[in-house]
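Based on the provided sequences and hints, a complete structural model is requested.
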Amino acid sequence: MTKKSILLVEDDEVIRTMVKDYLEREYHVIETSRYAEAVKKLADHIDLALIDYALPDHDGFELARAIRQTKPHLPIIMMTAYSTETMVLKALRVGITDYIKKPMKLTYLMKRVSELLKGPSGEFDFESEHAGNRKEFIMDSVGWYIEENYMEDFSLDKLANKLGINKFNLCRSFKERFGQGFISYLNNIRVKNAAELLKKPNLNITEIAYAVGYKSFTQFERAFKKTYGIAPREYRKHRSNPSYN
1 MTKKSILLVE DDEVIRTMVK DYLEREYHVI ETSRYAEAVK KLADHIDLAL
51 IDYALPDHDG FELARAIRQT KPHLPIIMMT AYSTETMVLK ALRVGITDYI
101 KKPMKLTYLM KRVSELLKGP SGEFDFESEH AGNRKEFIMD SVGWYIEENY
151 MEDFSLDKLA NKLGINKFNL CRSFKERFGQ GFISYLNNIR VKNAAELLKK
201 PNLNITEIAY AVGYKSFTQF ERAFKKTYGI APREYRKHRS NPSYN
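For the sequence shown, position 168 matches number 168 in my numbering, and the numbering has no gaps at all.
If you're looking for bench data, these hints aren't it; they were derived computationally from the structure. Careful: at least some of the hints might be erroneous.
Said to hold, decoys possible - Heads up, simulated DSS-like pairs for lysine-lysine below, C-alpha to C-alpha not over 30 Å straight-line:
| no. | residue 1 | residue 2 |
| --- | --- | --- |
| 1 | Lys90 | Lys175 |
| 2 | Lys158 | Lys192 |
| 3 | Lys20 | Lys90 |
| 4 | Lys158 | Lys105 |
| 5 | Lys215 | Lys225 |
| 6 | Lys118 | Lys105 |
Written out as structure tokens, the structure is:
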């Protein structure tokens, strides 16, 4: 049986050799330390890319973008010593499939690689034995992504497609993590941001509705009333005049 191929891009020779030797127990590993050479190797048959964030000529995000242009469905694992909210959000946006913080156990890395290569589609299984950390990463990313992009026209379907996850698994996990469904969570973020904008008397209420992502004023007003118990106009009057009844 032909072994699956992994593209390993890591500039630290010690780490690269250690990871390569370990993964070659199960897989064929193509290694490099440079962005330009990695891009060239994309012409070969690759089943998964394992890339370091800090490369000498480019960062891992740039390499991930290049991979997505030629191999849009290839699983990508990023290895990094950094794990800030900004980096995780960026990883999600450029299409990183998984995110492993250094230092890492090689047994753990092997399990993550195996999980992503499992099955014909490579789709992540939320219910698998080793799903916990990946699931946590996804739900953190989804929460941050919504907070950053609540004004955009997106849906649970679009998020599921972006992440390569079954929509129904994502829906169930979303409720488990945030205590409410996707639509309710999105509406709460939108109306809370709208409430802040309503404090500015120079902004038109209908414009605020569209600015926070609603397609109609009626839809916005309904969601706002559900959260605050009063209409946006009444809320603005209360904010500008506390004695207003």
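Does Lys90 sit within 30 Å of Lys20, going by the straight-line distance between their CA atoms? Since the Cα atoms of Lys20 and Lys90 sit roughly 27 Å apart, the hinted pair holds (cutoff 30 Å).
Holds or violated: Lys118 and Lys105, Cα atoms, limit 30 Å. holds (20 Å)
Is the hinted pair Lys158 and Lys105 satisfied, with a Cα-Cα distance of at most 30 Å? violated (33 Å)
Within 30 Å, alpha carbon to alpha carbon, are Lys90 and Lys175? holds (24 Å)
Take a quick look at whether Lys215 and Lys225 sit within 30 Å of each other, Cα to Cα. holds (16 Å)
Given hint Lys192 paired with Lys158 - CA-CA distance at most 30 Å: holds (23 Å)
Taken one by one, the earlier hints fail for this structure only at number 4.
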